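Visitor: For this one, chain A is given, so just place chain B on it according to the hints.
So you can see what is in the structure, the chains are spelled out below.
2 protein chains.
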Amino acid sequence: MKKITLLGASGSIGTQAVELIEEFDETFELVAITANKSIETIEKILHHHDVQVVVMAKEYEQRIYDVAPNATFYALEDDGLLKAIDATADATVFNALVGSVGLEATLHAIKNNQDVLLANKESLVVGGPLIKEALLNSNAQLIPVDSEHAALRECLKGKKHSDIEKLVITASGGSFRDVSKENLKNVSKEEALKHPNWSMGAKITIDSATMMNKVFEVIEAHYLFDVSYDKIEAILHKESIVHGIVHFKDGNVLAHIGPSDMRIPILSAMKGDTSLRYHSVFDLVTQGSLHFEPIDPHRFSLFDLGIAVAKEKGMHVVTLNAANEIAVQRFLKGDIGFVDIETLIKKCLDYFENHIPLTLPNILSHDKLVRRYATKLKI
Amino acid sequence: MKKITLLGASGSIGTQAVELIEEFDETFELVAITANKSIETIEKILHHHDVQVVVMAKEYEQRIYDVAPNATFYALEDDGLLKAIDATADATVFNALVGSVGLEATLHAIKNNQDVLLANKESLVVGGPLIKEALLNSNAQLIPVDSEHAALRECLKGKKHSDIEKLVITASGGSFRDVSKENLKNVSKEEALKHPNWSMGAKITIDSATMMNKVFEVIEAHYLFDVSYDKIEAILHKESIVHGIVHFKDGNVLAHIGPSDMRIPILSAMKGDTSLRYHSVFDLVTQGSLHFEPIDPHRFSLFDLGIAVAKEKGMHVVTLNAANEIAVQRFLKGDIGFVDIETLIKKCLDYFENHIPLTLPNILSHDKLVRRYATKLKI
Numbered sequence: 001m002k003k004i005t006l007l008g009a010s011g012s013i014g015t016q017a018v019e020l021i022e023e024f025d026e027t028f029e030l031v032a033i034t035a036n037k038s039i040e041t042i043e044k045i046l047h048h049h050d051v052q053v054v055v056m057a058k059e060y061e062q063r064i065y066d067v068a069p070n071a072t073f074y075a076l077e078d079d080g081l082l083k084a085i086d087a088t089a090d091a092t093v094f095n096a097l098v099g100s101v102g103l104e105a106t107l108h109a110i111k112n113n114q115d116v117l118l119a120n121k122e123s124l125v126v127g128g129p130l131i132k133e134a135l136l137n138s139n140a141q142l143i144p145v146d147s148e149h150a151a152l153r154e155c156l157k158g159k160k161h162s163d164i165e166k167l168v169i170t171a172s173g174g175s176f177r178d179v180s181k182e183n184l185k186n187v188s189k190e191e192a193l194k195h196p197n198w199s200m201g202a203k204i205t206i207d208s209a210t211m212m213n214k215v216f217e218v219i220e221a222h223y224l225f226d227v228s229y230d231k232i233e234a235i236l237h238k239e240s241i242v243h244g245i246v247h248f249k250d251g252n253v254l255a256h257i258g259p260s261d262m263r264i265p266i267l268s269a270m271k272g273d274t275s276l277r278y279h280s281v282f283d284l285v286t287q288g289s290l291h292f293e294p295i296d297p298h299r300f301s302l303f304d305l306g307i308a309v310a311k312e313k314g315m316h317v318v319t320l321n322a323a324n325e326i327a328v329q330r331f332l333k334g335d336i337g338f339v340d341i342e343t344l345i346k347k348c349l350d351y352f353e354n355h356i357p358l359t360l361p362n363i364l365s366h367d368k369l370v371r372r373y374a375t376k377l378k379i
Numbered sequence: 380m381k382k383i384t385l386l387g388a389s390g391s392i393g394t395q396a397v398e399l400i401e402e403f404d405e406t407f408e409l410v411a412i413t414a415n416k417s418i419e420t421i422e423k424i425l426h427h428h429d430v431q432v433v434v435m436a437k438e439y440e441q442r443i444y445d446v447a448p449n450a451t452f453y454a455l456e457d458d459g460l461l462k463a464i465d466a467t468a469d470a471t472v473f474n475a476l477v478g479s480v481g482l483e484a485t486l487h488a489i490k491n492n493q494d495v496l497l498a499n500k501e502s503l504v505v506g507g508p509l510i511k512e513a514l515l516n517s518n519a520q521l522i523p524v525d526s527e528h529a530a531l532r533e534c535l536k537g538k539k540h541s542d543i544e545k546l547v548i549t550a551s552g553g554s555f556r557d558v559s560k561e562n563l564k565n566v567s568k569e570e571a572l573k574h575p576n577w578s579m580g581a582k583i584t585i586d587s588a589t590m591m592n593k594v595f596e597v598i599e600a601h602y603l604f605d606v607s608y609d610k611i612e613a614i615l616h617k618e619s620i621v622h623g624i625v626h627f628k629d630g631n632v633l634a635h636i637g638p639s640d641m642r643i644p645i646l647s648a649m650k651g652d653t654s655l656r657y658h659s660v661f662d663l664v665t666q667g668s669l670h671f672e673p674i675d676p677h678r679f680s681l682f683d684l685g686i687a688v689a690k691e692k693g694m695h696v697v698t699l700n701a702a703n704e705i706a707v708q709r710f711l712k713g714d715i716g717f718v719d720i721e722t723l724i725k726k727c728l729d730y731f732e733n734h735i736p737l738t739l740p741n742i743l744s745h746d747k748l749v750r751r752y753a754t755k756l757k758i
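Protein chains in written order, with this note's numbering: chain A, 1 to 379; chain B, 380 to 758.
The shape of chain A in the complex, shown without the other chains (with noise of 0.2 Å):
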C-alpha cells in the first residue's frame, strides 16, 4: 500500500485524488489530510477513511474528533501542514494547496526524504532554486501532476536529459479566447469562471484566462526538467488535447495527448511504477481536429510580461506571483475588473525591488509585503 498525506483535500485537485484513492483502495492508503475550513468535505472523506492526521483550521478540532477519534488532529495555525509531514514519514506527501503557502510543505517534504506529487505550481514558482537545492540533499523524487508537466514527464521517461531540444506545453486560451482585447473591459467575473475545456478550481480558471497560469507552467517546466527558458515553448491549442511536446534533437517529436481529465496525471503521478488500468475513452477520430497558434503577445501581455519576470530571475517572480493572487481574490470579489489584474502586477512590479536574496524567509516575508500592498493598492 503507497501511503497518502494529502495536503489540500477539500479543493479541486484534492477531490479527484480523494476519489482515485478509493477507487484503487488496493492500492493506495491515505493516511492524512488537511484543509483550511471546508469542513463538510473532510467529515465526508472521514467517513471513508481511517487517516492517521488531520489538519484543519484550530474552530474545527472538536468536529473533527468527532467523527474521527483516533486521528490527531493539528491545527493549521500551528504549523500543522509541517507536523502532518512528520508525523506521517513514511508516506507520500500529494500537496494539492493553492497558492505560496505551499512551498514551505514542499520543502519540508522534501527534507524529511518524502517523495512530493506536486499540484502547487507556487512551490516551484516562487521557489524554484530553493527546492532544487533541497533536491540534490535528498532522496525524496518531485512529481508533478499538472496535466502539461505530467505529460512532459511521459513523453521524458526512457529518454536521455541531453537529447532533449526543446518542451512545448499548451494554453487553451481560457474563458476569452475569443474575446478582443478592448472587450477584456467588460467582461463578468460569472463569463472568467467558465473555462472551455478544464474543470479546475477558481484561482487557475482565472489564471488560465489571463494566460498567467502559463507562465507559472513555464516556470514550473524550467525547474522540474532543468532546460532553460529559450527552449520552453507555449503555443495556443483551443482543444486541450495535445497537453506537452517533447522535441527531440534528433528530430523526433513526442506529443501527450488525452481527454481534459486530470485524473489521468493525478493517478499517473500517485502510482508511479504501478500498473493500474484507468477507464478512458479518447481517440482522435471522435476529437476531428485539432488547431495550433502562436500566443498573441498583444492580445495575451501579461504572458510575456509574466516571462520576462521569469527570465530575469530575483524576487520579482515573488512579487509577480503575490500580486497576482491578490488580483485574481479582488476581481472574484467585484472589488476590481479583469483588465485591472494587469494593472495590479505591473503596479507591483514597478514598487518592489528585484535584487533580494532568495532564502525562504525573505520569500515568505516579500511575498507578505506584497499582499499587503496589493490588497489597499487603488486601481
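Derived by calculation from the structure, the hints in this document are not laboratory data.
Bear in mind that the values here come from a model prediction, so they are computed numbers and not experimental data.
Backbone N, C-alpha and C fix where the C-beta goes; we use that ideal spot for every residue, glycine too.
One should not assume that every hint holds.
Cut-off 35 Å, straight-line C-alpha distance, at most; resulting in silico cross-link-like pairs (DSBU-like, lysine-lysine) [unchecked claim]:
#1 K539/B x K238/A
#2 K536/B x K238/A
#3 K159/A x K617/B
#4 K160/A x K617/B
#5 K545/B x K231/A
#6 K757/B x K462/B
#7 K249/A x K545/B
#8 K189/A x K3/A
#9 K311/A x K536/B
#10 K437/B x K610/B
#11 K755/B x K157/A
#12 K725/B x K650/B
#13 K692/B x K160/A
#14 K157/A x K650/B
#15 K617/B x K238/A
#16 K159/A x K628/B
#17 K44/A x K368/A
#18 K617/B x K462/B
#19 K132/A x K755/B
#20 K381/B x K160/A
#21 K37/A x K189/A
#22 K692/B x K271/A
#23 K160/A x K538/B
Footprint (simulated), chain A over chain B, 3 or more residues, beta carbon under 8 Å [stated by the list, open to error]:
#24 631-637
#25 659-670
Guide: Same frame as chain A, but now just chain B:
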C-alpha cells in the same frame, strides 16, 4: 563506428540511408551495398565509400571491379544477399529491399545474430511467424524503419509492454484520398504516383493509394510489438504529421509527431542509443491544424479485406502480398486499371488454398506460384 550492410542501396530508403551515413561519417561506416540493376547509383556510392562487399546482378561484375577493385563482388543470382550478410558478420543489416525477396535476408541476418534495421515490410508481412521464432533463438534485435513503426517504438521506449492498451497508426489516404470510389476507375499511373505528403518509391506510393500499405503496417505492428490485431487501429490523417499513437492502460496517450521526413526514422533506427543531432524544422503552429477520420470501409475496401486475411493467419497473407506486388507492377505498366488491383487480389485469394504450413520453402514456392498466376490472369 557502426558498420552498416545496406541491402537495397539504390532505392528510395537506401539512398536516404547512404546520405545519412555520409552526413554522420564519424558514427557510421558503409561496409556492404546491394542493388539489382541500378549501376549508376551504385557507382556513385562506390566513389565515396570504401565498401568491402558489393552485390548486383551478375552482368555488372566487371563494372563494379572497375570502380571498386578492392571490394568483393557477389552476384545477386548466386545468393549474393546472404553471402554479403555472412561476409560482414560484424555489421548491422539494413534491409531496404522491396518485396517478399527481403524475407530470406532478414531471417539469415537474425540467425547470424546480426541486428536488422527493417524497412522491408514484406519480411514481416509474409514471414512474421518465422521471424518471431528466429528472434527467440538469436541475440539480434529487429528495429523498424517504417515511419509508423519507428513512431510507435519511440512512444514505447521506457514503457512496459503489459501497459499497452492499443496502438494506432495513421494513413494519409494516398494520392486518391479525395477521389470517389466511382471515379477511381479512370485514374492514371501518373496521378497514382503523386503522393500528397511523402516522397517514396513507386510500389509503396501505389500501396498507399489502395490502403494496402496500411494493411501491411498493421501486420508489421502486430509482429514487431507483439500486440493482437484487435488492439491495433489505423485512422485517416491527411496531414501525415502524427505517425503513431500508443494508448496506455493508465489513460496516458503518447503520439509521435513530425514532418514527413523518412530520414528521421532511418537515422533513429541506425543510431540506436547514440545521441546525434538532426536538423529538422518542425512545429505545430506552422502546421496549424490536424485532422483525423475513420478509414471508410466502402472507399478503401482493400483495407478491410487485407485485415481480414491477416487475422485469419495462414498462407493467404502470402497470396495477398504476391498478388498485390504483381497487380501493382501490372498497373504501373499500364496493363490493368487502378481498381483492377483489388479484383486481381481477390481472384488470387479465391484461387489459392490458405491452410498450408508456413515454412520458408513453402512461403517461397507459394509466392512464386501466386506471382505466376497473377501475372497471367486476365482481368
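Visitor: None of the hints should be skipped; say for each whether it holds.
Guide: Hint-by-hint comparison with the structure:
1. A threshold of 35 Å between alpha carbons decides the hint, and for K539/B with K238/A the separation of about 32 Å falls inside it, so the pair holds.
2. For the proposed pair K536/B and K238/A, the alpha carbon gap of about 29 Å is at most 35 Å, so the pair holds.
3. Distance restraint check for K159/A and K617/B: the Cα-Cα separation of roughly 29 Å lies within the 35 Å cut-off, and the hinted pair is therefore satisfied.
4. For the suggested pair K160/A and K617/B, the alpha carbons sit about 32 Å apart, so the restraint of at most 35 Å is met.
5. Proposed proximity of K545/B and K231/A is supported: the alpha carbons are some 32 Å apart, at most 35 Å.
6. The suggested pairing of K757/B with K462/B is violated, with an alpha-carbon distance near 39 Å, which exceeds 35 Å.
7. Our distance criterion of 35 Å between C-alpha atoms is met by K249/A and K545/B, whose separation comes to about 27 Å.
8. Between K189/A and K3/A, the direct Cα distance comes to roughly 38 Å. Violation of the 35 Å bound is thereby established for this hinted pair.
9. With a C-alpha separation of about 33 Å, the suggested pair K311/A and K536/B falls inside the 35 Å cut-off, and the hint holds.
10. At most 35 Å may separate the alpha-carbon atoms for a hinted pair to count; K437/B and K610/B exceed this at roughly 46 Å.
11. Of the supplied pair hints, the one linking K755/B and K157/A is violated, its CA atoms being roughly 53 Å apart against a limit of 35 Å.
12. With a CA separation close to 41 Å, the supplied pair K725/B and K650/B exceeds the 35 Å bound.
13. For a cut-off of 35 Å, the pair hint linking K692/B to K160/A is broken: about 39 Å separates their Cα positions.
14. This hinted pair checks out: K157/A and K650/B have alpha carbons roughly 19 Å apart, not beyond 35 Å.
15. With a CA separation close to 20 Å, the supplied pair K617/B and K238/A stays within the 35 Å bound.
16. The straight-line distance between the Cα atoms of K159/A and K628/B is roughly 21 Å, inside the 35 Å bound, and the hint therefore holds.
17. Annotation: proposed proximity of K44/A to K368/A holds, straight-line Cα distance about 33 Å (limit 35 Å).
18. Proximity of K617/B to K462/B is assessed by CA-CA distance (about 42 Å); at most 35 Å being required, the pair is judged violated.
19. Distance check on the hinted pair: K132/A and K755/B sit about 72 Å apart at the alpha-carbon level, beyond 35 Å; violated.
20. This hinted pair checks out: K381/B and K160/A have alpha carbons roughly 20 Å apart, not beyond 35 Å.
21. For the given pair, K37/A sits about 23 Å from K189/A by alpha-carbon distance, which is consistent with the 35 Å threshold.
22. Taken as a hint, the K692/B and K271/A pair is broken in the structure, with Cα atoms around 38 Å apart against an allowance of 35 Å.
23. A threshold of 35 Å between alpha carbons decides the hint, and for K160/A with K538/B the separation of about 14 Å falls inside it, so the pair holds.
24. Counting residues of the stretch 631-637 of chain B whose C-beta lies closer than 8 Å to any C-beta of chain A gives 7; at least three are required, and the coverage claim holds.
25. Using a Cβ-Cβ cut-off of 8 Å, 10 residues of the stretch 659-670 of chain B lie near chain A, which meets the minimum of three, so the contact claim holds.
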